[in-house]
Amino acid sequence: MTRVRPQWVLPLSLVVALILGLLPLPPTLQPLRPYWLALVLAYWVIEDPDHIGLGVAFLIGLAGDLVYGGLFGEQALRLVVMAYILQRFRARLRFFPMSQQALAIGGLLLNDRIVTAAIHIAVGEPTMPASSWLAPLAGMLLWPLLFVGLDSLRLGRWRGR
Amino acid sequence: MPSYAGPPTAARTGDVAGTLKLLAYLALAVTLIMLDHRGGWLSQVRRQATLLVQPLWMVAGWPGQMVERISDDAGTLTQLTAENRRLRNDLMLNQARMARLQTLAADNARLRGLLDAAERGKLDVVLSPVLDIDLDPTRQRLVLDAGSRDGVQVGQSVIDAGGLLGQIIAVTPMYANVLLLTDPSHAVPVAVARNGVRLVVYGEGRSDLLRVPSVPLSSDIKVGDVLVTSGLGGRFAPGFPVGTIASLRPDDSRAFLIGEVTPAAQLDRGREVLVLLNQPSPLPGATAFNATTSPAMSAPSGAAIAVGQGTAALPGAAATTQASPAPATTPAKPGTQAPASTPAKPDAQAPAANKPPAQPAAPTEPRR
Numbered sequence: 001m002t003r004v005r006p007q008w009v010l011p012l013s014l015v016v017a018l019i020l021g022l023l024p025l026p027p028t029l030q031p032l033r034p035y036w037l038a039l040v041l042a043y044w045v046i047e048d049p050d051h052i053g054l055g056v057a058f059l060i061g062l063a064g065d066l067v068y069g070g071l072f073g074e075q076a077l078r079l080v081v082m083a084y085i086l087q088r089f090r091a092r093l094r095f096f097p098m099s100q101q102a103l104a105i106g107g108l109l110l111n112d113r114i115v116t117a118a119i120h121i122a123v124g125e126p127t128m129p130a131s132s133w134l135a136p137l138a139g140m141l142l143w144p145l146l147f148v149g150l151d152s153l154r155l156g157r158w159r160g161r
Numbered sequence: 001m002p003s004y005a006g007p008p009t010a011a012r013t014g015d016v017a018g019t020l021k022l023l024a025y026l027a028l029a030v031t032l033i034m035l036d037h038r039g040g041w042l043s044q045v046r047r048q049a050t051l052l053v054q055p056l057w058m059v060a061g062w063p064g065q066m067v068e069r070i071s072d073d074a075g076t077l078t079q080l081t082a083e084n085r086r087l088r089n090d091l092m093l094n095q096a097r098m099a100r101l102q103t104l105a106a107d108n109a110r111l112r113g114l115l116d117a118a119e120r121g122k123l124d125v126v127l128s129p130v131l132d133i134d135l136d137p138t139r140q141r142l143v144l145d146a147g148s149r150d151g152v153q154v155g156q157s158v159i160d161a162g163g164l165l166g167q168i169i170a171v172t173p174m175y176a177n178v179l180l181l182t183d184p185s186h187a188v189p190v191a192v193a194r195n196g197v198r199l200v201v202y203g204e205g206r207s208d209l210l211r212v213p214s215v216p217l218s219s220d221i222k223v224g225d226v227l228v229t230s231g232l233g234g235r236f237a238p239g240f241p242v243g244t245i246a247s248l249r250p251d252d253s254r255a256f257l258i259g260e261v262t263p264a265a266q267l268d269r270g271r272e273v274l275v276l277l278n279q280p281s282p283l284p285g286a287t288a289f290n291a292t293t294s295p296a297m298s299a300p301s302g303a304a305i306a307v308g309q310g311t312a313a314l315p316g317a318a319a320t321t322q323a324s325p326a327p328a329t330t331p332a333k334p335g336t337q338a339p340a341s342t343p344a345k346p347d348a349q350a351p352a353a354n355k356p357p358a359q360p361a362a363p364t365e366p367r368r
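Just so you know, the protein sequences line up as chains A and F, in that order.
1 is the number of the first residue of the first sequence in the UniProt record's numbering; add one for each residue after it.
1 is the number of the first residue of the second sequence in the UniProt record's numbering; add one for each residue after it.
The hints are simulated quantities; they were obtained by calculation from the structure and are not laboratory data.
Take these hints with a grain of salt, some might be off.
Claimed, not checked - Here are a few chain A residues that sit away from chain F, every Cβ distance over 12 Å (derived from the structure):
#	residue
1	Leu20
2	Gln75
3	Val80
4	Ser99
5	Gln100
6	Ala102
7	Ile114
8	Gly124
9	Pro126
10	Ala138
11	Leu146
12	Gly149
What the hints assert, rightly or not - Label-pair ranges, simulated between beta-carbon atoms:
#	chain 1	residue 1	chain 2	residue 2	range
13	A	His51	F	Gln44	30 to 36 Å
14	A	Pro129	F	Ala27	26 to 32 Å
15	F	Gly75	A	Pro97	45 to 51 Å
16	A	Leu134	F	Val30	24 to 30 Å
17	F	Leu93	A	Val16	46 to 52 Å
18	F	Leu35	A	Arg94	33 to 39 Å
19	A	Arg94	F	Leu52	30 to 36 Å
20	A	Leu141	F	Val67	19 to 25 Å
21	A	Ser131	F	Ser247	57 to 63 Å
22	A	Pro6	F	Thr81	49 to 55 Å
23	A	Pro129	F	Thr81	39 to 45 Å
Fair warning: this is a prediction, and the values are worked out from it, not measured in the lab.
For glycine and all other residues, C-beta sits at the position ideal for the given N, C-alpha and C.
Here chain F stands alone, though its shape is the one from the complex (with noise of 0.2 Å):
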């Protein structure tokens, strides 16, 4: 550790070889950057490397949850009982609900029936924890505690009570990463549920926004309406509410409207998340756990999911108790989140109608 620099001569000849030395690492890093971006065939070694860095992760998360169970623990006894009171209205309101939805999905049931819709699998989840959150401008990313031991996969969409929150674009044994609705770069096809206007929500890098640009002025949407995936692509199960447009304005060029959308998840709360595994395989397992969970979620959301699983929801499983709810859905969406149900259903029913075949593309692909 020299505590002086030294001539200058001999500096000059360091100079020269640092300057290579920079330009070097420089080149490489250029190069690689370069191999991200472009070709994508880093990502192999990539997922290898993320199984080093996962402890990390966890030990980042670990001071979030020591902090959510102290706020836990300190719950005081009035926010207990009036968290209490609250569900409990919840739940008397979803079970009405429930009630007034077990009808419909008879009716329902009746008319694919009559429709000859095909039969689709239950709705099939992995309730996760999540792990770590990272809610960056450039980055929006949840690390959820389930990977694929757990059945998760690459393309799977997540959920949450109030509706979509992202997308799984990596999986590891025990974990999987999720990007978010909100990322920069992620984009969701949408449906306005009133009408079934086509739109894509864009993220925006903030946690209680999302985006619709380019809305031709003749479009008809306006504020407060509920955007549900569309199913379009492939990528999302139809029918998961996504956001309510919060406003509407003209663009630089006023010919077109842009959207801010609220989000209908939970994107920045919540510490469980629901990671939907589309194979329809009907485990007992699963089906106690569809029992225990769809109680937990609010009507709206365990309604949409419903709609999601069952575009064609299977006249035979109306029978059975917790599939109740999936076929109720379709005519659930308009009756919960708009008020006036009755016209609006053969709208929002006529987009879902034109999913089927674009549907069984949706539980292949994200194996990809």
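Here chain A stands alone, though its shape is the one from the complex (with noise of 0.2 Å):
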């Protein structure tokens, strides 16, 4: 903590997460949107839990519901269900290598959909597709990149894992 860290990295990722959720895909692609909120979220718990809680996540949450437009809640709970799993194994995951990490991440993102599709049942919404089940794949696979990205803007050089 002796570092000065840049302060904007942060709002500044949440709110590029929560345009990158919006953007409008080709429908080919759409199934395969990843959770980018959710995946930022972990970084930062991973990263900066002094400041990343389980409050932050909720409000987080909060925000994802009203720009997305879901059920107003949904988001909140999943992301909170997902940032105390991740304080839990915080410091395990901090020194796992990448892939291994990924790996992680991925059965997080699908323990999302699973929360989303019970949430979705309990409620008597319309469940997802089944094509969206492997968006936790194209999260898991775009983890490396976001960690090593937002490590780069966070620390100011790249850590060279």
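Please dock the two separately framed chains into a single complex, following the hints provided.
Below is the structure:
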């Protein structure tokens, strides 16, 4: 904590994640759209646990619900669950090699899909199509890129993992 | 930023606190979900908060707009020539149709005069660019670059050149949200244009497909039938094309048919849509606007729009040039869509003729 870190990276990355979730995609790619918000949040929970906890996850989730117009509270719930699991395994995750870390994130995103499906079934919302279960895969593949990218932004240099 | 997780005892107390926090947040989230799902009185809060979110939508719309602009600029000469030729052909065709429709319009006006049908306002629309498109399997929405400043209100129908697109579900001063026909939570009461059989069309979450469940086996409906809004329910004006039956198959119980419908509107294309302002306010600007937009629309839709507005087409308006497509409409639909227009006409007319009692409700209802 001795180095001065740019404060804008955190809010900016979240806003960019929100926008990435909104960008219109061709219908074929649509089901593959990764849950950007969760990915970015996961990064911050892992790397900056002093500032990003369950409360922030909850608020970000509410923002996501507003922006995407889903059920109010749905993403809040999903992100809180995700943040909690991440906090639990944070110490281990940080020392995983990148490939293993990506796998863990993929698992988390898959879990998130299950939570979503459960919420949708519970409230009787239409369920997601089968192809949407591919999205965690996309998220998993993007994780190393996102991690390295955000790291270099936050630390101002390449960490060289 | 501790690089070491710390002794297990410290972690233990943290665990308990963390779990409690988790439970608290989960309870809060579940409460919110329930409130939003059941009561819907979060919608007011939501509407306010949507204002804050709008800049994001705008930013998210930029790349799409940029791509469109680039593809516009990159149109080659041959493409443009081809398009020009096609448009010119369309225009000629439509003019020919219009010419025929005008005689029908005069006829219609005269007949309606005989029937003492009530007068209705002219077609009053706002042309609005599409700001953002959200085509998710569970959510099919548009964000329009027009809001309450432009007269857009919740409940108004949104159409494009092909037919009905959806309805306005949220409005802020600058923007409006459209729930597309294809949204899984959307249903439209329709009638088969050929014979007036009433059905309800549901969204599927796919932008190229709608569904008509539970069609009785005995009903007279077949592949290729054109569905138009029936106007029942008072939300949509009657007569807008909704789609064409693409296939019919028996459902699991074998007692009913399930129909798949190809939407008439281009739900996943196009960058501009028309919002129908139901208020019959004959502003001078609005009429001028009508004049500019109507040629842009292809004949069937132009005709159908008029059907919607002019279920009881005004005898007086037949004289004015822009309004002329409007009264022409009811006969126009069978004429353009079913080649055998004469026998079809009385049938198609029948549901429309039943409409006027329901129709006056339409303009008022969306304002709720």
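Right, here's what the structure says about each hint:
1. Leu20: violated (8 Å)
2. Gln75: Violated, because the least Cβ-Cβ distance between Gln75 of chain A and chain F comes to about 9 Å, which does not exceed 12 Å.
3. Val80: The claim breaks: Val80 of chain A does not keep its Cβ more than 12 Å from every Cβ of chain F (closest is about 4 Å).
4. Ser99: holds (21 Å)
5. Gln100: Holds, since 17 Å exceeds 12 Å.
6. Ala102: Per Cβ check, Ala102 of chain A is outside 12 Å of chain F; nearest 21 Å; holds.
7. Ile114: holds (15 Å)
8. Gly124: Violated: least Cβ distance 8 Å, not greater than 12 Å.
9. Pro126: It is violated; Pro126 of chain A is separated from chain F by about 4 Å at its closest Cβ, not greater than 12 Å.
10. Ala138: holds (15 Å)
11. Leu146: holds (19 Å)
12. Gly149: Holds, because the least Cβ-Cβ distance between Gly149 of chain A and chain F comes to about 19 Å, which exceeds 12 Å.
13. A:His51 x F:Gln44: 30 to 36 Å: Once the Cβ atoms are compared, 32 Å apart, the range 30 to 36 Å for Gln44 of chain F and His51 of chain A holds.
14. A:Pro129 x F:Ala27: 26 to 32 Å: holds (30 Å)
15. F:Gly75 x A:Pro97: 45 to 51 Å: holds (49 Å)
16. A:Leu134 x F:Val30: 24 to 30 Å: holds (28 Å)
17. F:Leu93 x A:Val16: 46 to 52 Å: holds (48 Å)
18. F:Leu35 x A:Arg94: 33 to 39 Å: holds (37 Å)
19. A:Arg94 x F:Leu52: 30 to 36 Å: Once the Cβ atoms are compared, 34 Å apart, the range 30 to 36 Å for Leu52 of chain F and Arg94 of chain A holds.
20. A:Leu141 x F:Val67: 19 to 25 Å: holds (24 Å)
21. A:Ser131 x F:Ser247: 57 to 63 Å: Once the Cβ atoms are compared, 22 Å apart, the range 57 to 63 Å for Ser247 of chain F and Ser131 of chain A is violated.
22. A:Pro6 x F:Thr81: 49 to 55 Å: The hinted range 49 to 55 Å holds for Pro6 of chain A and Thr81 of chain F, with Cβ atoms some 53 Å apart.
23. A:Pro129 x F:Thr81: 39 to 45 Å: Since the Cβ atoms of Pro129 of chain A and Thr81 of chain F sit about 41 Å apart, the hinted range of 39 to 45 Å holds.
Hints 1, 2, 3, 8, 9 and 21 from the earlier list are contradicted by this structure; the remaining hints agree with it.
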